[in-house]
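Asks: Line by line, the protein sequences are chains B and U. Okay, so the first sequence: first residue is 393 according to the numbering used here, each after it adds one. Okay, so the second sequence: first residue is 219 according to the numbering used here, each after it adds one.
If you are wondering where the hints come from, they were derived from the structure by calculation, not from laboratory data. Note that beta-carbon positions come from the ideal geometry of N, C-alpha and C, so glycine has one too. Check the hints yourself; a few may be wrong.
Stated by the list, open to error - As a list, the in silico EDC-like pairs of lysine to aspartate or glutamate whose alpha-carbon atoms are at most 16 Å apart:
| id | chain 1 | residue 1 | chain 2 | residue 2 |
| --- | --- | --- | --- | --- |
| 1 | B | K438 | B | D531 |
| 2 | U | K242 | B | E539 |
| 3 | B | K511 | U | D696 |
| 4 | U | K717 | U | D696 |
| 5 | U | K242 | B | D480 |
| 6 | B | K438 | B | D480 |
| 7 | U | K242 | B | E540 |
Unchecked claim - To list a few chain B residues with every Cβ distance to chain U over 12 Å, as calculated:
| id | residue |
| --- | --- |
| 8 | L412 |
| 9 | L476 |
| 10 | N504 |
| 11 | H514 |
| 12 | R527 |
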Amino acid sequence: MPTIVSVDDSTVPGEGSSRLLLLVSSDNKHIVVEEDIMSRSRFISKQVEGFEATSQRHAILLPFSSFVLNKVIEYCSHYRGYYLLEDDPDAAPPGRSPVREWDQEFLDVDRNMLLRIIKAAHYLEIKSLVGSCARAIADMIRGKTTEEMREILGVENDFTPEEEHSPSSKCTG
Amino acid sequence: MAPSALFSIPNETILAILGTLNGKDILACSATCRHLHSLVAESVSLQYAIELFACGMFDGARGPHTLSVRDRLNRLQRYSLAWEQLLWTGLLELPHFVGCRKPLTASGDVLVVQRVGGGEPKDQVSLHVQRIPSELRAVDEHRSTNTPPNPMKNAYDVLLDSSQQLMINNRFRMNSTHRTNELYVSSLLTGDAHPLASPLIFMCQTGRVDDICGDLLLEMIPGSFPQAGKFVLLNWKTGIVQADYPGDESSFARRIFVDEHHVLCMSERDPLCLRVDSLVPAGTVQPASYEFLLPEFLQKGAAVRCMIPYACTLETTPAPHGCFYPDPADRLIVVEFHATALRRQFTIDVLARTLTGYIAAHPASPGQSAVVVPWDAWGTRGARMTVLADSAMHRTVSGSRQATLTRLDGPHRHTVLTVLDYCPRRVARAIARGTAIVLHGATVGVEHTGAGFGPLRTELACIVTEIPFPFEEEDGLDRRAWICENGVLFLVSDPFWKKIVDAWAHTI
């Protein structure tokens with residue numbers, strides 16, 4: 393793991409106001425990305441605010457792989473400059489996240505990848521991506537039986553046989 | 219995938235995933251493992267989603283004045299528990315019913331009884347309308363007496379339209395050549411006469427109106443061989459006969475379900491017949507009307523394009539052969555009763571069919587008015603419940619709930635009221651929580667139905683609750699229970715329903 397790397401502001405090309413960020417993934421890949429793109433992430437925005445307060449810019453260490461990080465960056469690049477209601481901290485949260493066709497194609501990946509993306513999106517506080525992933529995972533289990541859901545989600549049945557047979561004891565909700 | 223992969227993501231995110239599912243899927247998911255189960259049990263918003271699902275509701279409420287999700291959940295749970303456990307807050311005494319004749323009709327939360335005498339002229343007939351109050355639903359008690367301006371003895375058809383809050387009172391007058399019907403329409407809320415029809419006078423061959431739905435009245439005119447009978451549909455707001463189409467000599471329409479385009483008639487004969495007609499364009503019947511013999515209808519899985527409106531559920535006494543009930547989840551619930559006198563046993567077949575959802579998604583191709591729904595798309599399959607009862611004294615149905623008054627024999631003879639709820643969504647939830655189905659005095663067995671119905675699906679069981687009848691046993695008196703939206707109404711009368719001796723209502 394690298395120690396905190398200082399990025400000198402002078403290395404940033406003066407293209408408009410968009411500065412560069414250095415993101416470091418858990419597999420130690422250094423990815424440079426425009427700050428503008430990542431502003432959808434509340435986590436990154438807060439980090440950047442922190443930089444401004446201390447006038448020091450650091451690499452941001454992220455606890456997931458570059459593969460996942462690239463996927464998230466792809467998402468953020470696609471919606472660069474777009475207003476998405478779910479990501480607006482001031483707007484009332486929508487009842488359900490809207491279906492976006494591009495997201496559906498983008499998230500047409502296996503369940504492990506989906507879980508990794510949603511975890512990353514949660515960490516980075518990108519609500520719109522969390523919503524779209526949640527919908528994609530829900531689509532996989534919708535209408536399935538409990539047994540099929542266990543299979544799909546990779547969950548083990550840890551109820552005791554007694555609990556299984558008397559749902560009242562386990563289902564108090 | 220390692221078992222823990224799902225749980226490597228934060229609970230908050232798991233809740234976001236579950237939040238996009240419907241109540242049934244949430245319940246299925248909560249049964250997969252302990253962790254998911256406790257997450258679901260502790261989440262107010264997921265419990266609310268389950269409750270909404272069970273009620274067949276969507277909550278579109280947004281705004282500063284709506285209750286919090288927790289408060290809405292509490293109210294919904296109170297309402298369902300009130301039904302599931304008959305935990306009702308009020309026992310309402312109805313002394314003004316005493317001395318009245320038997321109830322004419324009940325619908326929604328309104329009951330109409332008839333009183334003869336007590337006015338001028340001496341045999342003056344009046345109608346008492348009683349609305350059962352509900353604290354939970356903020357419905358006030360309302361009572362009114364309607365004395366017809368032109369009293370005609372023993373000529374009452376009272377029909378309630380709970381969707382429009384109207385009472386339709388049909389009376390007829392006979393002279394040597396024909397019968398004239400007078401239709402009085404009044405508001406159930408204010409008692410005022412409806413401006414469009416008071417009274418509407420029309421010629422009617424049988425002198426009876428068989429059913430009402432929305433603005434349409436159904437009159438069934440039985441044929442006499444070789445002449446065929448016919449159905450007449452009259453729009454009482456316009457006075458126009460909307461449909462006049464032939465039935466056959468043996469058919470007898472009992473129920474109609476109508477929306478602005480379609481009429482669904484259930485007629486009682488052997489075998490049971492379901493008939494769906496189109497009223498397109500408004501006011502005319504399409505030349506091709508469809509008629510299905512029920513067994514064939516079910517086997518083929520074919521349905522014509524039809525809509526079954528929820529609002530037109532009227533209280534009826536179950537027919538010996540069967541009844542159709544529309545349900546909020548766009549299903550047509552078919553309930554069949556078979557009585558076997560010898561074993562004092564009756565069988566209820568509950569068949570829930572999804573018609574409108576499929577038809578909405580797969581509309582008819584141009585030029586065709588019928589949609590054939592493939593068997594696999596029909597959703598929930600049938601189940602059969604066999605109910606052994608000592609003696610069912612009275613049975614009444616409202617929506618997807620059925621109330622039966624049963625007298626139990628034994629050292630302490632007493633009467634119990636059993637409420638069967640076979641609404642598939644509520645049952646699915648009750649089963650997932652282990653709260654469905656308990657019985658005393660009657661046995662409910664659930665068995666697979668014969669060929670063609672496929673495997674039993676759990677949601678076709680029923681929720682059974684019962685309460686003791688709140689009156690002392692007095693031999694020689696009739697006891698009846700009527701079920702309405704807000705509770706169950708009990709009436710005790712003399713043996714021939716000449717008058718009501720006592721009346722109470724259990725209310726939510």
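Asks: Against this structure, judge whether each hint is valid.
Replies: Okay, the hints, checked on the actual structure:
1. B:K438 - B:D531: 32 Å, violated
2. U:K242 - B:E539: Distance ~14 Å between K242 (chain U) and E539 (chain B) Cα, so the pair holds.
3. B:K511 - U:D696: 66 Å, violated
4. U:K717 - U:D696: Answer holds: K717 (chain U) to D696 (chain U) is near 10 Å, not above 16 Å.
5. U:K242 - B:D480: 31 Å, violated
6. B:K438 - B:D480: 14 Å, holds
7. U:K242 - B:E540: 14 Å, holds
8. L412: The claim stands: L412 (chain B) keeps its Cβ more than 12 Å from every Cβ of chain U (closest is about 29 Å).
9. L476: At about 15 Å from chain U, L476 (chain B) clears the 12 Å cut-off, so the statement holds.
10. N504: 6 Å, violated
11. H514: It is violated; H514 (chain B) is separated from chain U by about 5 Å at its closest Cβ, not greater than 12 Å.
12. R527: Given that some Cβ of chain U is not farther than 12 Å from that of R527 (chain B), nearest at about 5 Å, it is violated.
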